[in-house]
Amino acid sequence: MQETLEKNLVLLSIVTLITVAIGGLVQLVPLYTMETTIEKVDGMRPYSPLELAGRNIYVREGCYVCHSQMIRPFRDEVERYGHYSLAAESMYDHPFQWSSKRTGPDLARVGGKYSNDWHVAHMIDPRAVVPESIMPGYPWMADRPLGAEKIAGDMKTLQFIGVPYTDEQIENAQADLKAQANPEMGDADAMVARYPKAVIGDFDGNPSMITEMDALVAYLQMLGTLVDTTSYKTSPDGR
Amino acid sequence: MANIERDEVSGTDTTGHEWDGIKELNTPLPNWWLWTFYATILFSIVYWILYPAWPTLSDYTKGVLGYSSRVNLTEDLEARDKARESWTKQFAALPIADIAKDRKLLEFAMAGGKVIFADNCAPCHGSQGSGAPGYPVLADDDWNWGGSLEEIETTIRFGIRSTHDDTRVSEMPVFSDDYLSPTQIAAVADHVLSLSGSGSASAAGAEVYAEECAACHGENGEGGRDFGAPRLTDGIWLYGGTKEALVAQIGNPKHGVMPHWEDRLSDVERKQAAIYVHSLGGGE
Chain Z
354 MQETLEKNLV
364 LLSIVTLITV
374 AIGGLVQLVP
384 LYTMETTIEK
394 VDGMRPYSPL
404 ELAGRNIYVR
414 EGCYVCHSQM
424 IRPFRDEVER
434 YGHYSLAAES
444 MYDHPFQWSS
454 KRTGPDLARV
464 GGKYSNDWHV
474 AHMIDPRAVV
484 PESIMPGYPW
494 MADRPLGAEK
504 IAGDMKTLQF
514 IGVPYTDEQI
524 ENAQADLKAQ
534 ANPEMGDADA
544 MVARYPKAVI
554 GDFDGNPSMI
564 TEMDALVAYL
574 QMLGTLVDTT
584 SYKTSPDGR
Chain X
3 MANIERDEVS
13 GTDTTGHEWD
23 GIKELNTPLP
33 NWWLWTFYAT
43 ILFSIVYWIL
53 YPAWPTLSDY
63 TKGVLGYSSR
73 VNLTEDLEAR
83 DKARESWTKQ
93 FAALPIADIA
103 KDRKLLEFAM
113 AGGKVIFADN
123 CAPCHGSQGS
133 GAPGYPVLAD
143 DDWNWGGSLE
153 EIETTIRFGI
163 RSTHDDTRVS
173 EMPVFSDDYL
183 SPTQIAAVAD
193 HVLSLSGSGS
203 ASAAGAEVYA
213 EECAACHGEN
223 GEGGRDFGAP
233 RLTDGIWLYG
243 GTKEALVAQI
253 GNPKHGVMPH
263 WEDRLSDVER
273 KQAAIYVHSL
283 GGGE
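Taken in order, these protein sequences are the chains called Z and X. Note that the working numbering has the first sequence beginning at 354, numbered continuously upward. Note that the working numbering has the second sequence beginning at 3, numbered continuously upward.
In short, the hints are calculated from the structure, not lab data. Hints are not guaranteed to be accurate.
Below, a list of computed lysine-lysine pairs in the BS3-like style, where the Cα atoms sit at most 30 angstroms apart [claimed, not checked]:
| id | chain 1 | residue 1 | chain 2 | residue 2 |
| --- | --- | --- | --- | --- |
| 1 | Z | LYS360 | Z | LYS454 |
| 2 | X | LYS103 | Z | LYS454 |
| 3 | Z | LYS550 | Z | LYS360 |
| 4 | Z | LYS550 | Z | LYS509 |
| 5 | Z | LYS586 | X | LYS91 |
| 6 | X | LYS64 | Z | LYS393 |
| 7 | X | LYS91 | X | LYS116 |
| 8 | Z | LYS360 | X | LYS25 |
| 9 | Z | LYS454 | Z | LYS393 |
| 10 | Z | LYS586 | X | LYS245 |
| 11 | Z | LYS393 | Z | LYS509 |
| 12 | X | LYS245 | X | LYS256 |
| 13 | Z | LYS550 | X | LYS256 |
| 14 | X | LYS84 | X | LYS116 |
| 15 | X | LYS116 | X | LYS106 |
| 16 | X | LYS64 | Z | LYS586 |
| 17 | X | LYS103 | X | LYS116 |
These numbers come from a predicted model, not from an experiment.
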């Protein structure tokens, strides 16, 4: 049989394909049918346009090279960073930002831990607030206009791959983005109705312009704040 | 079938394949390699039986050991809480001042408080509470809101101008915008400087101060804790002690924001942090 296979290209290709497919299917198929991989929790929603723009900057600048967003279920991590990360909390992340290395601390639950002022000062020059920090500064973000003209397109793409953005949310993308960064520039109540728990405000202390800093800080301030983890109990079989 | 022959030089059989007169030896795998390979297969089978391994259509195999990192964590935390019970119970039950009086409990508070402070507070207040512009020093006796154990505990729990409903909050009015003229602002800035021994006192400055500022900052600049209004006599400044800095603060005041720690820290942890802060040098 070995010889027949080796000498018949078509047959060899077919048999190879079948062999590889078994490996792939065993790994992939259960993920589509297994309801247990993602916990059922309340509160998760897609990113608001401003947060999404901030997340794009986070990815662009490679913050994940030094920061994880994944609190593992170990005692030392839970004591420092809070409740371990749930799969549900990154189900709308494409790509997820779990990262694999921590030069700086985990950021999965950094939302609400610091003030906006602190984040801005820290992003401009980390050493201004944490003298021993080795994090690079990102001072230009405070001067650069956000330029998020394409954010509705980003949302549409995410909708296409399964993030439950509604058409209403996509239609109002620009309005919501402005309303979150400057409540006087739009209907902040409608924005919060579309994105519950969104933090509203002039994040960078410069109301005359929506900057990259506004978006990044809005993103940082929502990390880990959506799901009420105190109501989440580990079930006896560990899920 | 292939034509297997024995190679004379190596004494090993050939595979029987031949390409352009070249034959291939069929050298067997070394035994150590082969047995290691079998051992890894055996290991994986044992592993599948003991630990969670294979996905099934709607679930996964759990393994006979019932291992789960989340369950392990829950057990770890329960064991920790049990081991700490001897003192956490007293922490929860006693008022904070009594905890600080008990030497044994004080030790627990300081050890835990130090770690909690480094993780949560040091990025703003500096290690050991040394402060930074806009972020008050916690190691001195200049308190805006109060330096007793109870006051510190309250500050930590609710924050200052935070998102908590019970947050400490107060706002210094904006005095530019035609409310005070630039000359008046300059005069009162000088007056404020004179309270700590620099600047030049003037009647105009003193008058503005008495009218506009004394209600919060005190008649003689001794500060007003009900409003979180800083003492102005000690030369310790949140936003700088130059005349320019004062003019800027009076014209368009900055307001510090401290998040609340009601959700992030437990009751016991907040008491530990408060006792630690109190011990840094300025506790009342």
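So, going through the hints one by one against the coordinates:
At roughly 48 angstroms between alpha-carbon atoms, LYS360 of chain Z and LYS454 of chain Z are farther apart than 30 angstroms, so this suggested pair is violated. Pair hint LYS103 of chain X plus LYS454 of chain Z does not hold up; C-alpha atoms about 43 angstroms apart against a cutoff of 30 angstroms. Only pairs whose Cα atoms come within 30 angstroms are accepted, and LYS550 of chain Z paired with LYS360 of chain Z is rejected, the gap being roughly 64 angstroms. With a C-alpha separation of about 22 angstroms, the suggested pair LYS550 of chain Z and LYS509 of chain Z falls inside the 30 angstroms cut-off, and the hint holds.
Between LYS586 of chain Z and LYS91 of chain X the CA atoms are separated by roughly 23 angstroms; this keeps the pair inside 30 angstroms, and the hint holds. Under the criterion of a C-alpha separation no larger than 30 angstroms, the hint pairing LYS64 of chain X with LYS393 of chain Z is consistent with the structure, at around 20 angstroms. The suggested pairing of LYS91 of chain X with LYS116 of chain X holds, with an alpha-carbon distance near 20 angstroms, which does not exceed 30 angstroms. For the hint linking LYS360 of chain Z to LYS25 of chain X, the alpha-carbon distance of about 18 angstroms falls within 30 angstroms, and the restraint holds.
A threshold of 30 angstroms between alpha carbons decides the hint, and for LYS454 of chain Z with LYS393 of chain Z the separation of about 28 angstroms falls inside it, so the pair holds. Annotation: proposed proximity of LYS586 of chain Z to LYS245 of chain X is violated, straight-line Cα distance about 56 angstroms (limit 30 angstroms). For the suggested pair LYS393 of chain Z and LYS509 of chain Z, the alpha carbons sit about 25 angstroms apart, so the restraint of at most 30 angstroms is met. Annotation: proposed proximity of LYS245 of chain X to LYS256 of chain X holds, straight-line Cα distance about 15 angstroms (limit 30 angstroms).
In summary, the hint linking LYS550 of chain Z to LYS256 of chain X is supported, as the alpha carbons are separated by about 26 angstroms, within the 30 angstroms threshold. For a cut-off of 30 angstroms, the pair hint linking LYS84 of chain X to LYS116 of chain X stands: about 22 angstroms separates their Cα positions. Between LYS116 of chain X and LYS106 of chain X the CA atoms are separated by roughly 16 angstroms; this keeps the pair inside 30 angstroms, and the hint holds. Straight-line distance between C-alpha atoms of LYS64 of chain X and LYS586 of chain Z comes to about 19 angstroms, which keeps the hinted pair within the 30 angstroms bound.
At most 30 angstroms may separate the alpha-carbon atoms for a hinted pair to count; LYS103 of chain X and LYS116 of chain X meet this at roughly 18 angstroms.
Against the hints set out earlier in the document, violations occur for numbers 1, 2, 3 and 10.
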